[in-house]
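Those sequence lines, one after another, are chains C and G. All residue numbers for the first sequence refer to our numbering, where the first residue is 3 and numbers rise by one. All residue numbers for the second sequence refer to our numbering, where the first residue is 3 and numbers rise by one.
Honestly, the hints are just simulated from the structure, not real lab data. As the structure is a computational prediction, the values presented were derived from the model and not from experiment. Errors might be hidden in some of the hints.
Pairs involving identical chains hold if they fit within one copy or between any two copies, as the list cannot separate such chains.
Below are the BS3-like pairs computed for lysine-lysine, each with C-alpha atoms no more than 25 Å apart in a straight line [to be verified]:
#1 LYS204 to LYS270
#2 LYS71 to LYS204
#3 LYS89 to LYS270
#4 LYS92 to LYS270
#5 LYS270 to LYS218
#6 LYS92 to LYS120
#7 LYS309 to LYS89
#8 LYS236 to LYS120
#9 LYS92 to LYS247
#10 LYS236 to LYS92
#11 LYS270 to LYS77
#12 LYS309 to LYS270
#13 LYS79 to LYS247
#14 LYS77 to LYS247
#15 LYS92 to LYS71
#16 LYS236 to LYS71
#17 LYS270 to LYS247
#18 LYS247 to LYS120
#19 LYS247 to LYS236
#20 LYS236 to LYS218
#21 LYS89 to LYS79
#22 LYS218 to LYS247
Protein chains: 2
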Amino acid sequence: MRIGLDAMGGDLGTATVVAGALDAREHLAADDMIVLFGQEDVILKALGGEVPAQIEIVHTTDVIAMDEKPVVALKSKPNSSIAVMTKAQKMGEVDACISAGNTGACVAAAHMLLGRLKGVERPGIAVMAATPGGTVAVCDCGANVAARPQHLYQYGVMTSLYLEAVGGVESPRVGLMSVGEEDSKGNDLVRQTAELLRADDKLNFIGNIEGRDFPKGVCDVIVCDGFVGNIILKLVEGVGSALMKQVAMALISEMPEQTETIIGVGEKFRIQYDFNQYGAQPLLGVNGIWMIAHGATAQHGFVSAIKAARECISHHVNDHIVDHLCGE
Amino acid sequence: MRIGLDAMGGDLGTATVVAGALDAREHLAADDMIVLFGQEDVILKALGGEVPAQIEIVHTTDVIAMDEKPVVALKSKPNSSIAVMTKAQKMGEVDACISAGNTGACVAAAHMLLGRLKGVERPGIAVMAATPGGTVAVCDCGANVAARPQHLYQYGVMTSLYLEAVGGVESPRVGLMSVGEEDSKGNDLVRQTAELLRADDKLNFIGNIEGRDFPKGVCDVIVCDGFVGNIILKLVEGVGSALMKQVAMALISEMPEQTETIIGVGEKFRIQYDFNQYGAQPLLGVNGIWMIAHGATAQHGFVSAIKAARECISHHVNDHIVDHLCGE
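For reference, chain C alone in the conformation it holds in the complex (with noise of 0.2 Å):
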C-alpha cells in the first residue's frame, strides 16, 4: 500500500505531520510507503535532512491556506499539495490521500478529480465521536451543507456499511438526527429522509433521534446534514472542554490538596475523548480513498489517521457501497 499524506495540512505544522508518519512506520506492512506531499525542504527539515525507509517525497509549491475559498483555491493553485495527492491517487501512484488542511478544498479535490462511486449522489463525510455511551459515527459533517433526502439515505448505508467492514460493528443501528423521536417530528427532509431508510430492508435503520440521544449510546451511526453534522460535532467539542475546565477548576478550589488525583482522572477523560484516536475521517463516496483529519491533529492522531486509511484500503468498502447502492 502506498499512504499520501499532506504535509502542508494541519493547525500544528509540517513537523507534527512528518513526526506522525515517522511514528506510523511501526504500524506498516514492509512493502508499504507513506508518500509527503508538499514542500521538499520544508519536509526535509522536518525529516531531519534525510529521507528515511518507507517514507517518500513528492515535492509540490502551492500551500492551500485554511481559510482560502476551496474551488478557487484548487483552480489557482494546481501544484497544491491537495491537488497533486488527489491526482496521484487518480494515477494510482497512492492508494489513499490524507490531509489535516482545508476541508473545502479535500472536498473539493476529491469530487473534482476522482468524481463519485457508482450509484453515489454526494459525497459525504463520516466522523467517529467519542461519547458516554460509546463511540457513534456522524454523517455527514460538512461535505453537504444543502442536503437531499436521497443524499441522506446514501449516508446512513455508507456509513453502515464503513463501520462494518472496517470498524467491525455488526449491523450498525442507524439513527436519523430529529427534534423528536416520533416520526411526524421534523422538517420535510428528515420525513422523506426516514421513508429511504425504512425502505431499505439491508439496513438497521432505528428511527429518529433527538440531540439528548447523542450520549447515550442508542445507535451506531448518525445521519444528518452536513451543516447539521458539522454544528454537532463542534458543539459537542466546544461544550465537552470548556465544563471539564469548569469542574476541574472548581473541585481544585474546594480540595486543593487533591489536585493531582483530579487532574489525573481529567487527564483520562481527555485521552477517552481524544478525536485524535480516530485518526482521519473517510469522505464517502467518492471514487478513492479520501481521508479527512481535524485540523488541530497531533503527531499521534497522524498516526490513527494512517492506521485507519490501511484499514479503509484493505476492506474494500467502496466495493460494498456500490454493491448496496446498485443492488448487485
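Fit chain G to the given chain C structure using the hints.
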C-alpha cells in the same frame, strides 16, 4: 396582571404545576392573579380542596398529550387547557399564557388564535441557556423548522429586543449559527440571513459563529432555524448531564473519601445549569404573551415561569418589536 397557567401540562403533573403557582404568589403584586386552566377536580385536589387567594381556576375538559399532533389535537379538542387559555388571552381575560405541555400545540394555538404581531412573518421560541460563558438566548428552538432568511433575521431582532427589555442586556450581541466564522461558510439560508442582519444598523450583529463558540460567551443571542436550535439545546442538555455523571463517578471511585465534596460540587453545577431558573421561554412574534416551559419543569421552574411572564407583560416587548420591524 392575570397570568394564565396550564395546569395539565408538564411531565411532572398537575401537583407540580399547582405547587409552583402557590410558591409564586409571594412574587406577585397585590392585585395579580394566577389563573389555572385544567380539570377542576384535579386542580382542586392538588390545592388541597380549597382555592387560596390570588389563584383562580378555569375548568377545561380536554387534555392534549405530549405526543399528539399539534394541529389535529387543537382542532379535535377545542376545550383543552391550551386552547381555552389562549382564547382567554384573546378576550383579554388573561395577560399571558404559560404551559409546559405539548410545545407544538402551544405554538399552533398562539399562532391560530392570537395571530402574529404586525410586521412579523413567523413566531420563534427564544430559549435561555446557561453556558460556561454565561447565559445565551437561542432563537428559534422549534417553532419553525422550515425557516427563510427573513424569519431568521426577525428572530435576531426580536430576541435582541427581548433581552434588552426583559434581561436588561445593553445592545445584545447577535451571532448567526453556521459551520465556520467566515462569511462564505454555511448554507444559502445562513448567507442570506447574514446580509439581512448586517444591513440592520440598529442590531449589534457580530457575524457567524460555530458550534464550538456556544459555551464561550461570544454573543448574547444565537440565531438559527428551529430544527438546528432544537438539536443544539437537547444536545447540550444531554451531553452536559451525561458528562457530569461520568466525571462524578470517576472521581468518587478514585477518592471515595471525598464523595460528599464531589457531590457538593456537582450540585453547584446542577444549580448553575438548571433550566428551571429561566422558567419559561417566550414565543416571540405572536400578538400576545405566550411562554413555553420545558416539559420536565419542576416546581421552582413554574415560579420562575410566572416571574418571567410578569416581566414580559411589564416591559412591553411586543411594542418594541413592532416599532423596530415597522420602522417607527
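Outcome of the hint check:
| no. | hint | result |
| --- | --- | --- |
| 1 | LYS204 to LYS270 | neither (38 Å within a copy, 48 Å between copies) |
| 2 | LYS71 to LYS204 | neither (39 Å within a copy, 31 Å between copies) |
| 3 | LYS89 to LYS270 | neither (41 Å within a copy, 56 Å between copies) |
| 4 | LYS92 to LYS270 | neither (41 Å within a copy, 57 Å between copies) |
| 5 | LYS270 to LYS218 | both (20 Å within a copy, 24 Å between copies) |
| 6 | LYS92 to LYS120 | within (16 Å within a copy, 58 Å between copies) |
| 7 | LYS309 to LYS89 | within (22 Å within a copy, 64 Å between copies) |
| 8 | LYS236 to LYS120 | neither (31 Å within a copy, 37 Å between copies) |
| 9 | LYS92 to LYS247 | neither (45 Å within a copy, 48 Å between copies) |
| 10 | LYS236 to LYS92 | neither (32 Å within a copy, 43 Å between copies) |
| 11 | LYS270 to LYS77 | neither (44 Å within a copy, 54 Å between copies) |
| 12 | LYS309 to LYS270 | within (23 Å within a copy, 43 Å between copies) |
| 13 | LYS79 to LYS247 | neither (41 Å within a copy, 49 Å between copies) |
| 14 | LYS77 to LYS247 | neither (42 Å within a copy, 50 Å between copies) |
| 15 | LYS92 to LYS71 | within (23 Å within a copy, 52 Å between copies) |
| 16 | LYS236 to LYS71 | within (20 Å within a copy, 32 Å between copies) |
| 17 | LYS270 to LYS247 | both (13 Å within a copy, 15 Å between copies) |
| 18 | LYS247 to LYS120 | neither (46 Å within a copy, 46 Å between copies) |
| 19 | LYS247 to LYS236 | both (17 Å within a copy, 21 Å between copies) |
| 20 | LYS236 to LYS218 | both (18 Å within a copy, 12 Å between copies) |
| 21 | LYS89 to LYS79 | within (13 Å within a copy, 64 Å between copies) |
| 22 | LYS218 to LYS247 | both (22 Å within a copy, 12 Å between copies) |
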